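Undergrad: Input sequences plus hints: build the corresponding full structure.
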Amino acid sequence: MKKRKLFLWIQAALCVLLCVLFSAEMIHMYTEGRTLREAGDLSVWIFTREKVVQKLTELLPLFLLELVFLLTSLFWNRGGREVLPADAESVRDLICGKVNNQSESMRKERSRQRKLAVYGRAGAAACLIPVVLYMVNPSHFESTELETVMASLLLHIVPWISMALGLLSVTEVLREKSMVRETEAAKAQIREERISGSETKPESAYKEKKTSVRTWAQAAMLLIAVALILHGIFNGSMQDVLIKAIHICTECIGLG
Amino acid sequence: MDKRNTWWQAHRPTTRRLAQLYCALLYNANLKGFVEGKIYTGNVKAACVPGLNCYSCPGAVAACPLGALQNAAASAGTHAGTYILGILMLFGVMLGRTICGWLCPMGLIQELLHKIPTPKIRKSRVTRVLSWLKYAVLAVFVMALPLWYGVRHGLPLPAFCKYICPAGTLEGAAGLLVNEKNADLFSMLGILFTRKWVILLVIGLACVFCYRSFCRFLCPLGAIYGFFSRFALIGVRVDPKACIHCGACVKNCRMDVRHVGDHECIHCGECMNGCPTGAIAVKAGRVILKASDRSCGLTGKTVSAREQTKRRRIGAAVWAVLLMVLAGALVYFNLIAPSAQESPLQVVQSGRTDTEEQETVSEVVAPEEVLTVGSAVGEQMADFTVETVGGGNFHLLEQRGRVTMINLWATYCGPCVQELPYFCQLVQEHPEVAVLAVHSSMVTEDDIPGYLAGKNWEGLTFAVDTADGQVFRTVGGDNVLPRTIVLNSRGVVIYNQAGSVTYEKLEALLQEAQN
Chain A
3 MKKRKLFLWI QAALCVLLCV LFSAEMIHMY TEGRTLREAG DLSVWIFTRE KVVQKLTELL
63 PLFLLELVFL LTSLFWNRGG REVLPADAES VRDLICGKVN NQSESMRKER SRQRKLAVYG
123 RAGAAACLIP VVLYMVNPSH FESTELETVM ASLLLHIVPW ISMALGLLSV TEVLREKSMV
183 RETEAAKAQI REERISGSET KPESAYKEKK TSVRTWAQAA MLLIAVALIL HGIFNGSMQD
243 VLIKAIHICT ECIGLG
Chain B
26 MDKRNTWWQA HRPTTRRLAQ LYCALLYNAN LKGFVEGKIY TGNVKAACVP GLNCYSCPGA
86 VAACPLGALQ NAAASAGTHA GTYILGILML FGVMLGRTIC GWLCPMGLIQ ELLHKIPTPK
146 IRKSRVTRVL SWLKYAVLAV FVMALPLWYG VRHGLPLPAF CKYICPAGTL EGAAGLLVNE
206 KNADLFSMLG ILFTRKWVIL LVIGLACVFC YRSFCRFLCP LGAIYGFFSR FALIGVRVDP
266 KACIHCGACV KNCRMDVRHV GDHECIHCGE CMNGCPTGAI AVKAGRVILK ASDRSCGLTG
326 KTVSAREQTK RRRIGAAVWA VLLMVLAGAL VYFNLIAPSA QESPLQVVQS GRTDTEEQET
386 VSEVVAPEEV LTVGSAVGEQ MADFTVETVG GGNFHLLEQR GRVTMINLWA TYCGPCVQEL
446 PYFCQLVQEH PEVAVLAVHS SMVTEDDIPG YLAGKNWEGL TFAVDTADGQ VFRTVGGDNV
506 LPRTIVLNSR GVVIYNQAGS VTYEKLEALL QEAQN
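Residue numbers (this note's numbering), protein chains in the order written: chain A, 3 to 258; chain B, 26 to 540.
Hints are computed from structural coordinates only; laboratory data are not their basis.
Fair warning: there could be bad hints in the mix.
Unchecked claim - Taking lysine-lysine pairs in the PhoX-like style, the calculated list, with each CA pair at most 20 Å apart, reads: (1) A:5 x B:335; (2) A:117 x A:179; (3) B:308 x B:335; (4) A:4 x A:100; (5) B:140 x A:7; (6) A:7 x B:145; (7) B:145 x A:53; (8) A:100 x B:266; (9) A:179 x B:140; (10) A:5 x B:308; (11) B:57 x B:206; (12) B:315 x B:266; (13) B:145 x A:4; (14) A:110 x A:179; (15) A:110 x A:189.
Stated by the list, open to error - Selected chain A positions facing chain B (in silico; Cβ < 7 Å): (16) 28; (17) 50; (18) 92; (19) 156; (20) 162; (21) 164; (22) 170; (23) 176; (24) 178; (25) 220; (26) 222; (27) 233; (28) 234; (29) 242; (30) 253; (31) 255.
Only a predicted model underlies this, so the values are computations on that prediction, with no experimental measurement involved.
Using N, Cα and C, we set each Cβ at its ideal position, and we do this for glycine too.
TA: Written out as structure tokens, the structure is:
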């Protein structure tokens, strides 16, 4: 078991090392070429086939080592699925569904979870307000110097989005803990109910979902989709797709 | 023998893996493109594939829905991109996120990367929250930025493709650059290329440790299909009569689902095997496409041997048909398919645009220099005449005696639109230079003069290439835009390269041409 763990960590370290070295080589090639260009030699190509091949050759031993590890793992690995932890929400629903009368602590925890969900969402929404305000302000997007615009955009929206996601994450983690506590309380309640001799709650009765609305919605959406496609064929947007697809968009694929 | 069987049982490809491989091959059936270093340019490319597959990949036979959507957003000022909206809606209603699980080549790559045995980051509440990030990516990079820059500035900005998409870097850029015939593409590589490779490596590394990281946290296509999760005809369904709400399905799922079939569910069907009651099946409407063979604990129903044989037979028949389709596609795209426009990329490499132009010309150059006609550096550019926008003609021969720059561009090409002001600046500061900007013959906007009227690009001569692409062919243009060609006063090519230029670069080229 220890050997297996060690093997996994070596493999992980190799993967990280390969990616870091490859990235570093790319950045090094770029800065090297850029320096030459800034010195006034505009005919210099920042990347050349030969340079890239040379750098990749330098990484070849590490890559081969990774390959050997991979092949070894192929025969070592018995292919079993990783065991994932149970989802707290599912467990809570399952256990709490068997309780006849909710205990006070269960109610408290459920109320706490609701509050946390509301606070988390409200906080995230508040964090997103500056993002929306930035996005709807046309003056931020007047310049066609896209690098500057993008840098400014990321600088202004990434911290807020990160904060929103962070806030949601914190509340979700707290909610999960509360769910675990509620589950424990529910288990205790079930034990108490068994001792007191009250009957366990039967499985929740299956409720037939109304499928007709969904069927109609599907049919309507299909019709709309076909109508849009037909409209697109005649208004030239299909031609747009064709023209874009048969030309190599150099900036789309990261060439420049 | 038993050991070998056990190993095979554990490692044999599943139906889903085979479907993913099949789709990757079908979407990239133009295998000769990899050998020739060219992309497929036939009319079939007007169709979109459901998964994320870059249309600049040499093998791609159809368009990428995300690229097409950004392009439609950018050209919303001229006409609504109803075609791609309809296609996305059709795929969404028919398949939903089943596409992510079964039909997406990027999904396949991510899953294969995750197979590298390392310690794994499991799903948690945090990853569930992070899965909302893809909606922000969709809103900002796929919709808002392309729409704003397209409508407001007439500048096509495929922001997601340009700044994030790993499929474009891996399939498009790497696919083209590995071919020696495209060595000249290296000339345009710079910060964008470096950044996108680093992003690709980071995403790849994330996928090794965290299952389908790109798909779960960043992919806007998954976000779009997620909107249709309630309405998709095909997908994983739970039989509520058999479900005991044990939560085993959610527990066994590696995606951030709250329940089977929600907007995060990719309908991979892996939960079927973990369900103790066999309540889960992949269904198309009411027809069961794939179900667990185990008995249903609650209802007591078991799948009979006869039923199992029947399922196997149907599966084999479906695969036979699919393989025939694949074989047909491979034959068609590699041996039969005509291209919408012949790419002269190979011709450019050899410096010839036409065999009949290989004759030597001596009347236009000094008697001691006998140059061949062609578009490669050091060759004499063949004469051509093209009708200019606003009337009149541009004769190349008439420009002899002064430096001439020819720029190949298109309204739907972002870098092209961005670099044209540099040419204007050059002409203003050096009026002796002639600059001809030739728009591709593939015109998306009927009104090129109207487009130009909205721009303040003075001093340049604009023309639209003839329908048969005569100018592009003569000057060595291909389907890579933009391209700049610089001729000295004797009409000899001193520069002919695809890729963007800066004002400093143009000045340097002008100096070189004048010397």
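Undergrad: Is residue 145 of chain B within 20 Å of residue 53 of chain A, Cα to Cα?
TA: This hinted pair is violated, its Cα atoms lying about 35 Å apart.
Undergrad: Would the hint linking residue 140 of chain B and residue 7 of chain A be met if the CA-CA limit is 20 Å?
TA: holds (16 Å)
Undergrad: Against chain B, run the beta carbon of residue 162 of chain A and see if the smallest gap drops under 7 Å.
TA: violated (10 Å)
Undergrad: Minimum Cβ distance from residue 233 of chain A to chain B below 7 Å?
TA: holds (5 Å)
Undergrad: Taken at face value, is the distance from the CA of residue 266 of chain B to the CA of residue 315 of chain B at most 20 Å?
TA: holds (18 Å)
Undergrad: Do the numbers back the hint for residue 164 of chain A, that is, is its least Cβ distance to chain B under 7 Å?
TA: violated (10 Å)
Undergrad: Close enough to count: is the Cβ of residue 170 of chain A nearer than 7 Å to one in chain B?
TA: With a minimum Cβ separation of about 4 Å from chain B (threshold 7 Å), the hint on residue 170 of chain A holds.
Undergrad: When you check the alpha-carbon spacing of residue 4 of chain A and residue 100 of chain A, does it fall within 20 Å?
TA: Judged against 20 Å, a Cα distance of about 41 Å means the pair is violated.
Undergrad: Given the proposed pairing of residue 5 of chain A with residue 335 of chain B, does the C-alpha separation stay at or below 20 Å?
TA: violated (45 Å)
Undergrad: Next item in the hint list is residue 242 of chain A. Is there a CB on chain B closer than 7 Å to its CB?
TA: holds (5 Å)
Undergrad: Given a cut of 7 Å on the nearest C-beta pair, is the interface hint for residue 176 of chain A held or broken against chain B?
TA: violated (9 Å)
Undergrad: Holds or violated: are the alpha carbons of residue 100 of chain A and residue 266 of chain B at most 20 Å from each other?
TA: holds (18 Å)
Checked against the numbered hints listed earlier, the structure breaks hints 1, 4, 7, 9, 10, 19, 20, 21, 23 and 26; every other hint is satisfied.
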